[in-house]
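Undergrad: Make a model of the complete structure from these sequences and hints.
Read off the chains here:
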Amino acid sequence: MLLLIPSLPFLGFLVNLAMGRRLSKTASGAVACAAMFGAFAAAAWSAWSLVQMPADARGIVQQVAPWIESGTLSVPFTLRLDPLGALMTLVVTGIGFLIHVYSTAYMHDERDSEYARYFSYLNLFAAFMLVLVLGASFPVMFVGWEGVGLCSYLLIGFWFTKQSASDAGKKAFIVNRVGDFGFLLGMFVIWNRFGSLDFQEVARQAGQLPPEAAFGVLSLGTLLLFVGATGKSAQIPLYVWLPDAMEGPTPVSALIHAATMVTAGVYMIGRNAVLFSHAPETLAVVAGIGVATALMAGTIGLVQNDIKRVLAYSTVSQLGLMFVAMGVGAFAAGIFHLYTHAFFKALLFLGSGAVIHALAGEQDIRRMGGLRKELPVTYWTFLVGSLAIAGVPLLSGFFSKDEILWRTFSGGHTFVWGIAVVASLLTAIYMFRLVFLTFHGERRNAGHEHASRSPGAPGHGSHGGHLHDAPPAMAIVLILLAVGSVFAGYVGVPAVVGGGNRIEHFLAPSFAAPGVDASGEHGASPAEALSEAEHPGGSKGEGGPGEELGLMAFSSGVALAGIGIAAYFFLRRRDVAGRLAASFSGVHRVLLNKYYVDEAYDAAIVQPIKRVSERVLWRVVDAGVIDGAVNGAGSFVNGASAILRRLQTGSMRAYALSVFVGAVVILGYYVWR
Amino acid sequence: MVPLGHYLMLSAVLFATGTMGVFLRRNVITVLLSIEVMLNAVNLAFIAFGRTMGSVDGQVIMFFVVTVAAAEAAVGLALVIALFRHRESLNPDVFTSLKW
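Protein chains in written order, with this note's numbering: chain V, 34 to 706; chain L, 861 to 960.
Please note that a few of the clues may not be correct.
Here's a subset of chain L near chain V, in silico, CB distances under 8 Å, partners left out [what the hints assert, rightly or not]:
#	residue
1	Val882
2	Phe906
3	Pro952
4	Asp953
Just so you know, the hints here were simulated from the structure itself, not pulled from any lab data.
Every residue gets a Cβ at the ideal spot worked out from N, C-alpha and C, and that includes glycine.
TA: Listed below in structure tokens is the structure:
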């Protein structure tokens, strides 16, 4: 049954790959959607049978095939579903299905073969993502990990005739390779230390160890794994590919670069929660990187003008928050935020896709405005998504983000908490800047057409002032996701306001070492193990319920303040925003240019590599050594022949003489020897 | 009876004469004639050896050589005629075009 979950999308991929050229758009879209729906049904069925099991023994294992057998290394191709995996599988298949449906409308202007190619890539991505989620050991996960990277490359560069799109695809792939290298090394360290690559076996062994007091093998291994996570999940220093990945079709940005693939790093840390919680040094790094990324991406998001880039930086920032949760040991909170984020970020991206679709490829928010009346469905759903991500009370983002902030604060990481609060304030500001600039105010540049239209970019021409709102397939998906964005958070209502925080209890077994008694000496949850390690004698319940409620009110206030600030600057007094940007023009320019990180990487890494390649590898090694050897062999034969060919005079008598001399020499040898 | 050494001496002188002719004469026909002289010098040596040893093998080989020499003369003269038609010359030094 578990095998069915990744197999169905893979089957859809094969069908569209083999017959896509001959299928009509309706047929190839239907195949892809049906495959995803089948996977969703299988995932739901599996999750349901998981829930039926007793809470402390939830797990479904399916050994598919023996895979790698070499000496003491034995890695079977095994899939395992546990509470964490079930949640991720449902998110991937559920949101993935909705985005497939959305894509049938969004990509409708493509040619038949391109359309089938798009859906085959999308299905392949889903298949690999599900392998990543369900894999029961590091190598199986790594198969999915690499596969989603490949699909990400293929889909970012989907419009490969456009230079910037194919460049962005390559950038994503190469940056991810850097992270993957760390992941591989981490895997080696784990193998070397534990002699196993199975998640449960590693967790069982790690669970019996005390947390590492100083930097040791565990810290090294987890740190290397975290390098892999920074690549996949777009954290400092490897986040640079994600904003560029927006060159791909918008549904791809929603599915891969917001809802699912980029969360793989967070998921991987959650999957190895026991391991990470035994390496406090790594966790400190994770939290530090997470909060730095959240702040940095938030500030960049404030000034960007491309609707999708703002959302991309928002994704980077939210992923940073998830890593903060992981870093402070609140694994359930991080996964909870991952889950709610998948709803509202997919919604926001698809909403921006609807806007781009209506405006025939226009992505610059300075040329939008006043779309509220003309695109009502898009506007209202986008507003819901923005409210959810900003953390307005009673929406999904509020519960998950507040959980992270509370856990950070109660864990004693006040400094990290402070920065995280600033980052969530920024979230509210840049999201509502986006909403106000896009949908409110006056329509700017209404007659403008096709300025930055991508090749084959979707959309019907928006001639004149009349725009079409999202077509039915897109509208339904937007509404469903909006409903999800509102209600998804209610599985994790914290106990202090009367909820049971069911998701945390549901996920808890996934973060505990198997075989260790839940009430045992080494702590039921790694969070506790960690907080015990960091604060001996103290447990996590430092703040009482009153404090938690206070913080909740505070972060609601922060969200509303952010919306208020955005409303003041971008709705009422646009001139003040402009003046502010002008008076801090230096800061503004730095933010607009994304802290010049791309330029710095270009100068520090790309250009030196290019220079070495050109001056040394090309001019010296290739042209000198390799070509030299080949050409040298040729010119040696040439030179030797130039001497030898003097022997061939063409003169009959010379030949006769040489025959005669030869005969005399041979005879002489036999006579005189 | 004439001793073997005399025959061999004559044979060597004839062979040397023929060789000199091959290398020194500037006429292809004369070169062919010189080759005939060399062949007959060898024939003489074969017969002399055969007679001294009381065997007919030397004479048998001589007949083969004479046969081959006749064929060689026929082919050689035909080549000479063809070459002469081509270049209007019988000097072997003229025919040097068969090289790289």
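Undergrad: State for each hint whether it applies.
TA: Tested hints:
Taking 8 Å as the C-beta cut-off, the interface hint given for L/Val882 holds, the closest approach to chain V being about 6 Å. Because the closest C-beta pair between L/Phe906 and chain V is about 16 Å apart, greater than 8 Å, the hint is violated. The interface hint given for L/Pro952 holds, since its Cβ lies 5 Å from the closest Cβ of chain V, which is under the 8 Å cut-off. Look at L/Asp953: its Cβ gets to within about 7 Å of chain V, closer than 8 Å, so that hint holds up.
The structure is inconsistent with hint 2 alone, although it conforms to all the rest.
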